[in-house]
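Single-letter residue listing:
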Amino acid sequence: MIPRKFGARVARVEDERLVSGAGAYLDDLGADALTLAVVRSPHAHAKILDIDVTGALEVDGLIAIYTYEDLDGPMADPLPLLIPHPALSHGRTQYVLAKDEVNYAGEAVAMVVAVDRYAAEDIVERIVVDYEPLPVVVGIQNARAATHLVHEDVPGNVAANVVQQVGDAEAAIAAAPHVLELDLSIERSAAMPLEGRGVLARWDPDFGRLRIWSSTQSSTGVRAAVAAKLGLDLSDVTVTTPDVGGGFGVKIMHPWPEEILVSWAARRLQRPVKFTEDRREHFVSSAHERGQLQHVRVGFDDEGRLLGLSVRFWHDHGAYTPYGLIVPIITSTQLLGPYKPDAYRVEFDSLYTNTVVVTPYRGAGRPQAAFAMERTMDAIAQKLGIDRTEVRSRNFITPDDMPYDHQLTFQDGRPLIYDSGDFPQSLATLKALVGWDNFTAYRDAARAAGRRVGIGLACYVEGTGIGPYEGGTVEIETSGRIKVSTGLTSQGQGHRTVFAQIVADELGVSMDDIDVVTGDTDRSPFAVGTFASRAAVVSGSAIALAARKARAKVLKLAAEALEADPADLEITDGVVRVTGAPGAEISLGTLAVLSNPLRYAFDEQSKLATQFTVGDSSQPPVPHGEQPGIEGNDYYSPMQATFANGMHAAIVETDPVTAEITVLRYCVVHDCGNIINPIIVEGQIHGGVAQGIGGALYERMAYDEDGQLQNASFMDFLMPYVTELPDRIEIDHLETPSPLNPLGIKGAGEAGVIPGSAAIASAIEDAEGFPVRAMPISPSELFHLRLRHRRTPADAAAPAQPERKSIS
Amino acid sequence: MKPPAFDYSRPTSTREAVNVLAELGEDGNVLAGGQSLLPLLNMRLAAPRNLVDINAVTELDYLRVTPDGVRVGALSRHSALERSDDAARVQPLLRQAVRLVAHATIRNRGTTVGSIVHADPSGEMTAVLSLLGGSVRVAGSAGERTVPAEDFFLGPLESAVRPGELAVEAFFPARTPGSGSSFTEISRRHGDYAVCGVGAVVELDADLRVCGARAAFLSISPTPLVLDLAEVVHGRSFDDTAIEELSAYVQARIDPQPDIHATAAYRSHLAGALTLRAVREAARAAADLERTV
Amino acid sequence: MSEQLHDIRLTVNGAPRNVVVPARRLLSDCLRHDLQLTGTHVGCEHGVCGACTVLLDGEPVRSCLVLAVSAHGHAVTTVEGLTRPDGRLSAVQQAFRDCHGLQCGFCTPGFLTTITAGLRDNPTPSREQARDMVAGNLCRCTGYQNIVASVLRAAELAAADHDRRADAS
Ligand SMILES: Cc1cc2nc3c(=O)[nH]c(=O)nc-3n(C[C@H](O)[C@H](O)[C@H](O)COP(=O)(O)OP(=O)(O)OC[C@H]3O[C@@H](n4cnc5c(N)ncnc54)[C@H](O)[C@@H]3O)c2cc1C
Ligand code: FES
Ligand code: FES
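Taken in order, these protein sequences are the chains called D, A and Y. Okay, so the first sequence: first residue is 1 according to UniProt numbering, each after it adds one. Okay, so the second sequence: first residue is 1 according to UniProt numbering, each after it adds one. Okay, so the third sequence: first residue is 1 according to UniProt numbering, each after it adds one.
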C-alpha cells in the first residue's frame, strides 16, 4: 500500500523547472512577436480633443498606431460589465481605447505596435494628445460630497446603494444598554504581483483561428471576452496560461483592454503581437483595492453580547465598475465573521472616483470587513473593561449552531450559510500559541524597561470555494502516464502538486507519473477561474470525481482482462492486481491500450489493440454506452461556499521616540478543513501574512488631489522586504472538514491576509492606549496620533491612560 | 520603462574620458554605476544625448588610504568602501554610513563619487562629505580643480561639476584624534532612502568632555546641512543625558519638507531625536577609541 | 535615422557570447531577448525588486540597471548558469525546492543568484545573516519564511557536498 499523498508534506512538482530558469512566463514567449504599447492619459479626468500622431510617424520600428476611431463593431462598445447586479443601477465600464473622455490617469488612449518595446516607447512619447482637463474627484469624502461628478450621468457619484438586514438593528441598538459608534477607514492598496500583466496573440489566417497566451487568472474568461469583441466563435479562440508570476486577484479581471487590443492587432496585422506591462503601467492601469470609509453603530448588553449592529460604509471603486459590486458585497456579508448579533443592518454606497478601477485583491473586501467587526469588538471590550478574547467568545457561533444561516445573500447570490468551524476551539488554540494570558506580565516588564509593546487579535470567516463550477479530466495514456487537466489557472499556488496528490491517491499511481495542465482552453474549455480560494475546493473536487470515474473504468477493464471480480482488485503504483493472487496483474498503460480498439498498429504496444487481435466479434468494438480510452471527466458545482476561518494575533513594539512600528510576533490559527498539503497551505499563509502586514504598515496608493498617483514605483509603494516581517510566522492548524465537498476541504488562499490590519491595529492600540481607527498606519501617522492624544516622547515610557473618542 | 536612445562612448583612460566630455560639453553625461541614472533613463525622466561610460576607466577604480584620509576614485563602488578595513580605521564614519546606502546589490554597482555628484539630499555619502569637510577633485579640459564640500552641493541633484567635466576623486579627511562618529537613520523599509538621517562627529578633550560636535542631516534640506552643535554640548560629559536641548536647538534651525512618507513635523521630530542619538553614539565612540589608544 | 549598434562580447554562464546591441539595451533585455536566457526576470526595471539580479564578475547586480554595452568584456552568471554541468540542481536551487522557497517563481532567479554569491562569501550564515543576505529582494508570494529556510538549507547541502568531495579526493 502506498502511503496516501493527501495530507502529506509533498515537495512541489512545479519547482525543478522554475529554479532552473526554465519557467515560461508570458514575456518569455513570442520572441518573434511585435510589441504593443499604450498611450495612457496623464490626466485623471479630461476630454480628449485631438490626437496628433504626425510626430511619431518617422520613428524607426513603427508598425501601426490605432485610436478609438479605428475601432468598429463590438470593439467600439464599452468593455463588458462582468458581474451585473440588480442594485448596480449606474454601472460603467471603459472602452478599450478611450472614446472622448478619460476618467483616470493611466487610462488607455491610443495603442502603438512596434518592433520592440524600446521603439514602442519612442513612439508613445511622440504622440501628442490634446486634453481639456475636467474637475477631478479623488477620495471617498469628495466622491460623497459630489461637488464634481466622475460620470456626468451618475448622480452623486453613486454606482450602487445596497442594504441588507436581518432583524431590526436600529431598534435593537436604540434599546441596548450600551451603544458605541466608530468611524473607521482603510486605504487603497493593490495586489502587485511581481510579474505584471501580459498577453500574446497569434492569428492563423489559414484557419481563421486565434491563439492567445495570457498571464491571467481566467483563461476561459479571456477567451469568451476576446471572442465576443472580435466576433469569433469560442472554438476558434484558444487561451493558454503560461507560468504566471503571481496574481492575487488583479489578473482575474478580464478582459483587460490590452488583451483585446493585442488580439485585435494580431488579426489585423496578421502578425504575432505581445504586450508586456511594465511596473509603472501596472500602478496606473491595473486594479487596486481596499479603500473604504466605515461608520459602525453597535448596541450591546453588559456582557458584551451584540444586540444590534448597524454598519454604513462607502466603497471607492475607482472610475468604473467592471467587476460589479463583488468587493463591497463581500465586505457587507463577511463582516459578521464568527459572530451572531441579534440584528444586523448593513448599507453601502459604491462610489466613483477618478482613479484606477477597484477589483478584488487577495481577501477581496474581507480585510475591510474584519477591520470593521474586530475594531468594534475591541471597542466593546474596552468599554466594558473585559478581556478582548472574552467579548469575542460571548458572541461566537458555536459548533452546535452549524450549519448557521445568517439570512443574508452572499457574493455568489446564494444564502450565507456557514457549513463548519469550531470558533471556541480556534480561539483557545490561538491564545495558547501566542501566550495571550501571560502577555500582561510581558508588557509590564517591557514598559519598565522603557519599551512599548502591545498585543492584538482578530478573527475572520471566509467563504471559499464558490461556484459556479470547475471541471476535471483524468486520462490514462498508453504509456501509463496520467494526464490531468482542469481549466482554472495557476499563479504559484502549487495546484499541479495538490491535484497530482489527489489523483495519486484516487488512482493508486505515483505522483511522478502524473502531469497536470491548468488553464488551457484546448484541454479544458469549460472553466471559471482562480479566485476566492476556490481552486483546491472546486477543481480539486472535480478532479477527484473524474479520477474516481477513471478508476471505475480501470477496474471494469481489468476485471475483464484478469477475469476477476472488480471488488478483488487493487491498484498500486500504476498496476492493477488481484488481491491474494500474485502474478495476476495488468498495468494501467496496457489497460489504456486495450480500451482503445485500433485499426492500425503504430508501435509494438498498439498491436495489442488492433482488430485482428482483440474483441468479441459478437459486439461492436466499443460496446454501447462506452467510450474508447480511459478518461474520467467530471464537474463539481458546489451548492454554496464552504467557510474557512481563522484567528490571528500580533505582538508589536512601537518606538517611544521615533514611532517606528515593529511586528515582533505573528501567530495564525487556521481552519481550512482537510489539508491536502501542509507545506503549501503554510506557504499560502506566510505570503498572505506578509501582504497583511504590508497592508497594515506599509502599502497604500497615495493619490494627490489631481488624481496623480504619487508613489507609482517600488521605491515608494512599500512592499515589505524580509526585514519588515517578523522572524517567524507561527501557525497552528485546526481541521474541521467541510461536509460540502468530497474531500472535506475549504479554501486557504486568502487566509493569511484578511485580519492583518485589524490584528495589528488592535496591537498598536494596546501598546499606545489610544484608539487606532485608520489603517495603514505609518510612523509619521502614529507620531501625529500621539500628539493628538497629548503623549509626547517625554512621557512615552509611562503607562498609557486609555482614552476613547467614541461616544457611548 | 526603457531608456531613450543616446550616443555612447566608452573611454578607457581618465584623459580620454575628459577629452570626450570636454568635446561634448552640454551634451555629454557621465555614466558611472548607473544606479541613479538608469532608473531615470528607464522612466524616461532623463534624456541625455550622449553617455560617456566610465566603467572601463579602470585607473579610477581605487581607494587610497593614507593617514590624512581616504581618497575614493570615481569608479570605486560603494561596496569597496564598505569592505575596506583600512578606510574604516582611518575614518570610521565611512563604513558607518555607506552600509546604509541602499541594498548590498546596489552598492556592488553604484559608485561613491557618483552618489556625491548626483547630490541627492537623501544620499548618505553627500552628508558624510559635508560633515567631514571633504572635497571632490574635478577634471575638465582646462585641468583639474578641487572643490570643497561646502561649495560642492548647489541644490537638490545639482553639484558643482559642470558639463564637460569629470569628477575623478572624492577625499574624506581622516578621523581627528579625540573624535568619534556615528550615523543613524530612519527609513520606511530597511535599505530605502532615509526619511531622516543624522551623521555626527564629536570631539572629546583629554577629560572626555565634549569640545566639538557637528551633525549632518539627510532628507531635511535641499543640500546637505551641517550644524555646529558645539555651543550646546561644549564642556559636557560625553555620556551626559541632559543634552536634550540639542533636539530643540536642531529643530529651530531646520525647515524640512513633507512628502508621502512623513510630515514636516515628524521629520523635524526625527531630526531632533536622531541628533541626540547620533551625538551620544559618536561621543561614546570617541571615548571608546580614546580608551583603546 | 537608425540607432548606432555596438558589438559586445560577454562571457555568459562560462561561454563566450557576441551580441550586437544599441547602447541603450539593458543587460536584462540583452540576456532575455538577445540571448534567450529568459530565466532572468524583470519585475520593476528601477532597481528595487531584485528579480533581475545576475552575477557580474561574480557579484550580484541588478541587470535592469546595467547597460549591456557596459558589461562588455565581463562575465555574467544567470540562473541558467547555476545548474551543475551534469544538469543537477545546485545546492541553492535544491534547497528552494526542498523548503518550498518559491511559489510563483518569478522572483526566484534573483534570490538564487544573490544567495549563490552570498554563500560563497559566507558559507555558514546564522539565521540573522541569512535574512540579511536576501534583504534586498522582493517576493510577493512567500512572505520570505521559506526563503530564509532555503538559505540555511543550501548552506547545509553545500557543506555536505564539500565533505563528499573532500572524502572522494
Ligand atoms: C533601489 C535603490 C536604492 C537606493 N538607495 C540609496 C540610498 O539609500 N542612499 C543613497 O545614497 N543612494 C541610494 N541609491 C543610489 C545609489 O547610491 C547610486 O549608486 C548613487 O546615487 C549614484 O552612483 P552611480 O555610480 O550609480 O551614479 P550614476 O547613476 O552613474 O550617475 C548619477 C549621476 O551622477 C553623474 N556622475 C556619476 N559619476 C560621475 C563622475 N565621476 N563625474 C561626473 N558626473 C558623474 C551622472 O552623470 C549622473 O547624473 C539607490 C539606488 C537604487 C537603485
Ligand atoms: S527588475 Fe531589476 S530590480 Fe526589479
Ligand atoms: S515566489 Fe512569487 S514573487 Fe516570489
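Hint data in this document are derived by calculation from the structure and do not stem from the laboratory. It should be emphasised that the depicted structure is a prediction, and the values quoted were computed from it without experimental measurement. In this text, a Cβ means the ideal position worked out from N, Cα and C, and glycines have one as well. Please note that the accuracy of each hint is not assured.
[What the hints assert, rightly or not] Derived CB-CB ranges, DEER-like:
no.: 1; chain 1: D; residue 1: Gln141; chain 2: A; residue 2: Glu150; range: 41 to 49 Å
no.: 2; chain 1: D; residue 1: Val128; chain 2: Y; residue 2: Gln129; range: 51 to 59 Å
no.: 3; chain 1: Y; residue 1: Arg17; chain 2: A; residue 2: Glu150; range: 46 to 54 Å
no.: 4; chain 1: D; residue 1: Gln141; chain 2: A; residue 2: His190; range: 28 to 36 Å
no.: 5; chain 1: A; residue 1: Pro4; chain 2: D; residue 2: Arg790; range: 49 to 57 Å
no.: 6; chain 1: D; residue 1: Pro135; chain 2: A; residue 2: Ala47; range: 27 to 35 Å
no.: 7; chain 1: D; residue 1: Pro205; chain 2: A; residue 2: Thr58; range: 48 to 56 Å
no.: 8; chain 1: A; residue 1: Asp207; chain 2: D; residue 2: His789; range: 53 to 61 Å
no.: 9; chain 1: A; residue 1: Thr58; chain 2: D; residue 2: His789; range: 35 to 43 Å
Going through the numbered hints above, which ones does this structure break? Give me the numbers in ascending order. Of the numbered hints given earlier, those the structure breaks are 8, 9, listed in rising order.
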